[in-house]
Structure formats: C-alpha cells, structure tokens
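Protein chains in written order, with the working numbering: chain A, 1 to 269; chain B, 270 to 344.
These are calculated hints, taken from the structure and not from any lab test. Don't take each hint at face value.
Computed list of chain A residues with no C-beta within reach of chain B, every gap over 12 Å [claimed, not checked]:
{"#": "1", "residue": "Q72"}
{"#": "2", "residue": "Y106"}
{"#": "3", "residue": "A216"}
{"#": "4", "residue": "V237"}
{"#": "5", "residue": "R242"}
{"#": "6", "residue": "L247"}
{"#": "7", "residue": "E259"}
Okay, the calculated beta carbon distance ranges per label pair [to be verified]:
{"#": "8", "chain 1": "B", "residue 1": "N338", "chain 2": "A", "residue 2": "A52", "range": "33 to 43 Å"}
{"#": "9", "chain 1": "B", "residue 1": "E298", "chain 2": "A", "residue 2": "F157", "range": "47 to 57 Å"}
{"#": "10", "chain 1": "A", "residue 1": "V237", "chain 2": "B", "residue 2": "Q321", "range": "32 to 42 Å"}
{"#": "11", "chain 1": "B", "residue 1": "Q321", "chain 2": "A", "residue 2": "T218", "range": "19 to 29 Å"}
{"#": "12", "chain 1": "B", "residue 1": "N338", "chain 2": "A", "residue 2": "F234", "range": "41 to 51 Å"}
{"#": "13", "chain 1": "A", "residue 1": "R177", "chain 2": "B", "residue 2": "Q321", "range": "49 to 59 Å"}
{"#": "14", "chain 1": "A", "residue 1": "F234", "chain 2": "B", "residue 2": "M297", "range": "40 to 50 Å"}
Ideal placement from N, C-alpha and C gives every residue a C-beta, glycine not left out.
Now for the letters of each chain:
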Amino acid sequence: MVQLTDTQLDRYSRHIILQEVGPEGQEKLMNARVLVIGAGGLGSPIALYLAAAGVGCIGIVDADVVEISNLQRQVIHFSSDMQRPKVESAAEKMRAINPDIEVNTYKIYLNASNIQEIISGYDFVLDGTDNFATKFLINDACVMAGLPFSHGGILRFDGQTMTVLPGHSSCYRCSFRQPPPPDAVPSCSQAGVLGAIAGMLGTIQAAEALKFITGAGTLLTDTLLTFDAKNMHFRRVSLKKRSDCPLCGENPTLHELEEGDRATCDLSA
Amino acid sequence: MKADRFEDLSGVRCPLNYAKTKMLLSNMESGQTLEIILDDGPPIRNVPGSVQQEGHVILCQEKQGDQWNVVIKKV
Ligand SMILES: [Zn+2]
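Isolated chain A (complex conformation):
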C-alpha cells in the first residue's frame, strides 16, 4: 500500500507521473539509504539531487573543510561556509532542500579499517572522491560487501563513470588492475578542472542511483561512459567482467582491503 501525503504527492509529482517511477518508485526512493563519498565537485550535485529526489536516508563522507578554491565547482558550499566542515555545510543545504530526509554526516578520511563499517547498512554508494587509492578502496569494499556503487572521476575537461553491481557486472579492478603510482598522475594543482563538468558527471551518477533504486531503465553496468567536454564528445566503452580479476574473478587474490597511498588531490572533490 503506497501512502504518500498530499504534500509528498505535490513535491514529487514529476516523479510520480513518470510511468517508470510512479508512486511505487517514489516510495522506494523514500525508503532508500544511499551513501555519498566526498562532498566536493561530484558529491555536491549528487547530494543535492538525491536530497531533492526524496532519498530517505543519505550519508555523506568528507574529512575536509570548505576552502575558497572549492567554490568554483563545489556548488553545495557557499562563500559563507568557508572553513566549515564540508559535511556540515552539505547537510544543511540538503535539509533545506528537503526537510523530510535524514542526513548522516561522517567527517573522516576513509581507510581500510573504517570503510566497511561506514558503508554497511546502505543500499547504494556513490564515489565522488578525488584520488585513485580511495577509488580502489571503495571498489574493493563494495565488491566484498556485495554493495552496488557508482564510480566517477573528472579531470580537466574529461569525465568518466560506470556503475558496478558486484557479482553481476564488471568491477573497477576488472579493467584497472591497480592504482597508478602517485607520481604518474598529473599533479592536481597543475591539472585543473572545468567547474561545470563536476555537475555533468555528478548528475549522471545521481541519475544512476535513482534508476538503481526505482528499477527504471538500464544502468551503466559493464560500460564506462566517458566524455570530453572540450569537444562535447561522449563515448561508451564496453567492459567485461574478468574471470582473472584479482577481486571478483574466479580465483581472487585480494581477500583483505589494502591501505593505499592516498595521494590527495583537491581536484575532483
């Protein structure tokens, strides 16, 4: 029995009138628990759209405080939020958009010893982090926990994203075996990023989360979507779940989470 109040019917009417969402899909969103890792460039649009969509419980993880160089792309934070913890600034905006939702904040750096506890109890995870070590950590922890997630990354004018359903579709490690050595990645302060592409990629990730929860459409599984915003080229690259993947393959060699070298970069985030 779907029971939405008149106010909820009004607030979510544009979802409810969609055939693929409907009152049932909206109720699924309201009962869903989603974790957003990173309250930066990608996490900003992700958190804002999930909150607006009425996702019932949203966790947000970030250890940093808001700095002036963040404001060029991290649209959930305002000039008046300088030096506030990002999770606090983000949670305030999310609750302002939608007072019906519950927001859990985690002002911590994720590592191999705390990630499993934090992700447990969520239905879907979104990776909006800025460094390869954490991206691998999220992939590994989610695959080990059987928890679906969206990978995302941006740099300069480029973005890439894929959705992983552990056990069913290819994981990040199937295609990218291990994090690149920290010095092989362009130094963040030299690379730069066009602010708006954080919105382009983050909103694709948010849409994947909403589609996963409601069951609408098909997900970006076994598919890496990449774009080059300089020429506005979008491309889909087919990926395969690899039987020799060290994590999700037939004879996995990774059984425990690795503590990566987190060459922090305040870029994507």
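With chain A held as given, fit chain B with the ligand onto it using these hints.
Only chain B with the ligand this time, still in chain A's reference frame:
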C-alpha cells in the same frame, strides 16, 4: 454503475490531479474501477490521456455542468 473508488479532484491542478489518480490506482486491484471528478480545461484534456498511456481503460467520460465524471478501469 458504481465504481469501487471515488475521488473528487475538482480544484486540483495539473499534474497533481494525475499524481493523485496514479496513487489511488496503485492501491487498487487489477480490474477495479475508479471514478474521479475533473475540472474542465487542462485537467480533462490531460488526465484521461495519461491514464490510458499507462494501459488503464477509460470506461466513461461525461460532462456534468462545468466538470467531468471519468471512470477508469485499472489494467
Ligand atoms: Zn572485478
């Protein structure tokens, strides 16, 4: 003929009237009927068509004064 459910949606604007109709239908069994009252103008021009697009059947649609009586059979 008496419908299984009745809802007066007069004065309810688009698309909230359709959202309410969808919620009522989603809580009904297949084959049951829902009678709604819709205002003339955009509501009667939009709601029955949208209901049909989702596969439900409009059993009857009658003008009474400046409002409409619409009976829907859930698919
Ligand atoms: Zn794999």
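Original post:
F234 of chain A and M297 of chain B, beta-carbon distance inside 40 to 50 Å?
Top reply: The hint (40 to 50 Å, Cβ to Cβ) holds, given that F234 of chain A and M297 of chain B are roughly 42 Å apart.
Original post:
Looking at L247 of chain A again, its CB stays over 12 Å from all of chain B?
Top reply: Check passes; 40 Å lies beyond 12 Å.
Original post:
For V237 of chain A, is the shortest beta carbon distance to chain B beyond 12 Å?
Top reply: Per Cβ check, V237 of chain A is outside 12 Å of chain B; nearest 35 Å; holds.
Original post:
Should the hint that N338 of chain B and F234 of chain A are 41 to 51 Å apart at their CB atoms be regarded as holding?
Top reply: Holds - the Cβ-Cβ distance for N338 of chain B and F234 of chain A, about 49 Å, lies within 41 to 51 Å.
Original post:
Taking the minimum C-beta separation from Y106 of chain A to chain B, is that value above 12 Å?
Top reply: Y106 of chain A is indeed farther than 12 Å from all Cβ atoms of chain B, at 35 Å.
**OP:** Just tell me: holds or violated, for the beta carbon distance of E298 of chain B and F157 of chain A against 47 to 57 Å?
**Re:** holds, 53 Å
Original post:
Do R177 of chain A and Q321 of chain B keep their Cβ atoms within the hinted range of 49 to 59 Å?
Top reply: Distance hint for R177 of chain A, Q321 of chain B holds at roughly 53 Å.
Subject >> 12 Å cut-off, C-beta based - R242 of chain A kept clear of every residue in chain B >> reply: holds, 41 Å
**OP:** Classify the label on E259 of chain A as holds or violated, using whether its beta-carbon is more than 12 Å from each beta-carbon of chain B.
**Re:** holds, 48 Å
**OP:** Could you see if the CB distance from Q321 of chain B to T218 of chain A stays within 19 to 29 Å?
**Re:** Since Q321 of chain B and T218 of chain A have Cβ atoms about 26 Å apart, the given range 19 to 29 Å holds.
**OP:** With respect to the beta-carbon atoms only, verify the hint that N338 of chain B and A52 of chain A lie 33 to 43 Å apart.
**Re:** With a Cβ separation near 36 Å, N338 of chain B and A52 of chain A satisfy 33 to 43 Å, so the hint holds.
Subject >> Outside-interface status for A216 of chain A - nearest CB in chain B farther than 12 Å >> reply: holds, 14 Å
Violated hints for the displayed structure: none, as all numbered hints are satisfied.
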